[in-house]
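Keeping their order, the protein sequence lines are chains A and B. Using my numbering, the first residue of the first sequence is number 1, and each one after it goes up by one. Using my numbering, the first residue of the second sequence is number 1, and each one after it goes up by one.
Derived from the structure by calculation, the hints contain no laboratory data. If you're wondering where the values come from, they're calculated on a predicted model, not measured in any experiment. Beta carbons are placed, not taken as given, at the ideal position from N, Cα and C, and that holds for glycine. Every clue listed holds true.
BS3-like mimics (lysine-lysine), calculated; alpha carbons at most 30 Å apart, straight line:
| hint | chain 1 | residue 1 | chain 2 | residue 2 |
| --- | --- | --- | --- | --- |
| 1 | B | Lys158 | A | Lys133 |
| 2 | A | Lys308 | B | Lys158 |
| 3 | A | Lys158 | B | Lys158 |
| 4 | B | Lys23 | B | Lys133 |
| 5 | A | Lys59 | A | Lys43 |
| 6 | A | Lys308 | A | Lys133 |
| 7 | B | Lys308 | A | Lys158 |
| 8 | B | Lys23 | B | Lys59 |
Computed spacing ranges between beta-carbons, pair by pair:
| hint | chain 1 | residue 1 | chain 2 | residue 2 | range |
| --- | --- | --- | --- | --- | --- |
| 9 | A | Arg187 | B | Gln332 | 40 to 50 Å |
| 10 | B | Gly185 | A | Ser301 | 14 to 24 Å |
| 11 | A | Lys43 | B | Ala271 | 53 to 63 Å |
Take a look at the letters that make up each chain.
Number of protein chains: 2
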Amino acid sequence: MILERYAIGVDLGGTNLRIATYKEDSSPNGMIADSIGLPTRVKDGPDAVADDMSGAIRKLLSKHGHGGFAGLGIGTPGPLDLPDGVLRNPPNLPGFDGYNLRRAVELRVGVPAIIESDANLAALAEFRLGSGKTYGAQSLCMLTLGTGVGNGIILDGKVWNGHNGMGGEAGHNTVDPEGEPCPCGSRGCLELYASATGLKRMAKDSRGSHANDSDESAILTARHIAESATAGDHAALAVFARVGTALGIGVGALVNTLNLPLYVIGGGMSASWDLFALQMMEELRMRSYVYRMNAPTEEESRVRSPRKTHVVRAELGSDAGILGACLLPLMQGRSG
Amino acid sequence: MILERYAIGVDLGGTNLRIATYKEDSSPNGMIADSIGLPTRVKDGPDAVADDMSGAIRKLLSKHGHGGFAGLGIGTPGPLDLPDGVLRNPPNLPGFDGYNLRRAVELRVGVPAIIESDANLAALAEFRLGSGKTYGAQSLCMLTLGTGVGNGIILDGKVWNGHNGMGGEAGHNTVDPEGEPCPCGSRGCLELYASATGLKRMAKDSRGSHANDSDESAILTARHIAESATAGDHAALAVFARVGTALGIGVGALVNTLNLPLYVIGGGMSASWDLFALQMMEELRMRSYVYRMNAPTEEESRVRSPRKTHVVRAELGSDAGILGACLLPLMQGRSG
Numbered sequence: 001m002i003l004e005r006y007a008i009g010v011d012l013g014g015t016n017l018r019i020a021t022y023k024e025d026s027s028p029n030g031m032i033a034d035s036i037g038l039p040t041r042v043k044d045g046p047d048a049v050a051d052d053m054s055g056a057i058r059k060l061l062s063k064h065g066h067g068g069f070a071g072l073g074i075g076t077p078g079p080l081d082l083p084d085g086v087l088r089n090p091p092n093l094p095g096f097d098g099y100n101l102r103r104a105v106e107l108r109v110g111v112p113a114i115i116e117s118d119a120n121l122a123a124l125a126e127f128r129l130g131s132g133k134t135y136g137a138q139s140l141c142m143l144t145l146g147t148g149v150g151n152g153i154i155l156d157g158k159v160w161n162g163h164n165g166m167g168g169e170a171g172h173n174t175v176d177p178e179g180e181p182c183p184c185g186s187r188g189c190l191e192l193y194a195s196a197t198g199l200k201r202m203a204k205d206s207r208g209s210h211a212n213d214s215d216e217s218a219i220l221t222a223r224h225i226a227e228s229a230t231a232g233d234h235a236a237l238a239v240f241a242r243v244g245t246a247l248g249i250g251v252g253a254l255v256n257t258l259n260l261p262l263y264v265i266g267g268g269m270s271a272s273w274d275l276f277a278l279q280m281m282e283e284l285r286m287r288s289y290v291y292r293m294n295a296p297t298e299e300e301s302r303v304r305s306p307r308k309t310h311v312v313r314a315e316l317g318s319d320a321g322i323l324g325a326c327l328l329p330l331m332q333g334r335s336g
Numbered sequence: 001m002i003l004e005r006y007a008i009g010v011d012l013g014g015t016n017l018r019i020a021t022y023k024e025d026s027s028p029n030g031m032i033a034d035s036i037g038l039p040t041r042v043k044d045g046p047d048a049v050a051d052d053m054s055g056a057i058r059k060l061l062s063k064h065g066h067g068g069f070a071g072l073g074i075g076t077p078g079p080l081d082l083p084d085g086v087l088r089n090p091p092n093l094p095g096f097d098g099y100n101l102r103r104a105v106e107l108r109v110g111v112p113a114i115i116e117s118d119a120n121l122a123a124l125a126e127f128r129l130g131s132g133k134t135y136g137a138q139s140l141c142m143l144t145l146g147t148g149v150g151n152g153i154i155l156d157g158k159v160w161n162g163h164n165g166m167g168g169e170a171g172h173n174t175v176d177p178e179g180e181p182c183p184c185g186s187r188g189c190l191e192l193y194a195s196a197t198g199l200k201r202m203a204k205d206s207r208g209s210h211a212n213d214s215d216e217s218a219i220l221t222a223r224h225i226a227e228s229a230t231a232g233d234h235a236a237l238a239v240f241a242r243v244g245t246a247l248g249i250g251v252g253a254l255v256n257t258l259n260l261p262l263y264v265i266g267g268g269m270s271a272s273w274d275l276f277a278l279q280m281m282e283e284l285r286m287r288s289y290v291y292r293m294n295a296p297t298e299e300e301s302r303v304r305s306p307r308k309t310h311v312v313r314a315e316l317g318s319d320a321g322i323l324g325a326c327l328l329p330l331m332q333g334r335s336g
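Here chain A stands alone, though its shape is the one from the complex (with noise of 0.2 Å):
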């Protein structure tokens, strides 16, 4: 008998905690098994999420057995510091800076840990059971909209973390120097607008002073303002427009400098893909030459030509994180 190798996987929100493990030869799409949800304790401090966080994995381990275990892998928010793996003023966990969170859990759980950040996890999974596999590319880069704009980075088969930890910031570039302030310190970051938190604001902004000023969350508010875009609302409809300017902006620069084969948006945003991918591609176009001299025809699109540069709307939802959480350690496993 072959003994099964699983991992678990973690993935740690700002309001939400995912603890699950990941059969290697489950179903083609990735199945997550034995997934256990709990809130973040963030106003505990990081030790109290430590200990939920491995709790959670002991359950599971005991459960499952040490036998075909293949390993741990944590996503959190970034900016992680690697290879350390200490959390550096990660915005969605305030008093969690400085903390490293994998001695933590290793000490706490008594196995070794990979951590790596969520944005770029869910990149990972996307490249590995998402489009990647689909259009058979080496290399991909993928925008997250979800409360901010998460990126990750693929290339040649791995995580591109820069040399410490900190690449695939792209949510936090500029497609608008004179634009709102943000909080990461700069103006006019594609975050604030493609984000649901930067639709949200500019929903209200042109809403004017009357605007409904409920402290709903972020995401809810994005989906009403989708409904409102999809029953044929002009001014949610100039939001979505917005949201793919900016997209267009912030892809064409990607495209221009990596020069990659696929690029992906996720995240919940792009449930909204039909409101913002025409006004994206035009504004692509218009932006990267490199995209145009490579931009797919429709018959090229279809048989997805690997010689192309395309980009389409991720294939994995919100699974993504922690499914690429618990890849990390089998891809680990399976080079080493």
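Starting from the structure of chain A, add chain B where the hints point.
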């Protein structure tokens, strides 16, 4: 007696054509020997240029012999379609679109050639013999500020070509979405503000309609504007400040995306480093929190701390392109 290995390199520009030899064991800073300079006969068509180039290569080959010959490297203006080596719409070489320069030279000379874009070769030379060596960096990103803005990216010791040879075109990344129209079809590209051509245009704009409309070359004009700025001319200083702002935005996005240890500014315009560097670094600090988190202190700059992100002036001068062309076959020979 050990036979000294040598390579032949070609630097094909829109105006000048240079062919030279380079000995592997020459001085640490990379000595070019036996340089042959010719005008580029663009008007006579690509075959005439290939004839001139091949004649000079044969001359050098017969002088130095086939014994120690390591190979032939050719640098051309980008973009190139790789691995075929076909030129794609090079703006400074009208009539060369679709021309397979590599094959044309191989047929004429009878030895295999490697072809690469000039900006990538400058980056490679800077990596092996210039600032990359000084800083012990494994990766770097270089912007070459000439009549345009070239870009070359070295990742883990190798030129990043992208999936079909068009990587490293960050000179056409947008730094001002509503900015000047660019011949590439976009608006507000970095190249429009950080090249000699851009400097000339901005200086003319700032002097209004009374501007000197002589047809002196952009390079010459850039030198005059630099002299005025050095002498304290406010308008000229303001133009260089705009160069710095554009570079800060452009480099900021490259730092956020790639997180490399080293960013290098080269090309003729980099002689005016003192006139734009302050503004560039200030803008970069504001634009990129990834840079701020990795910015070296004065002491860390002095000791070239490998954990930090350094933005520096290129060490090699105008020989960088042809040096890179020579290094290409020598590096291939080494790893092969």
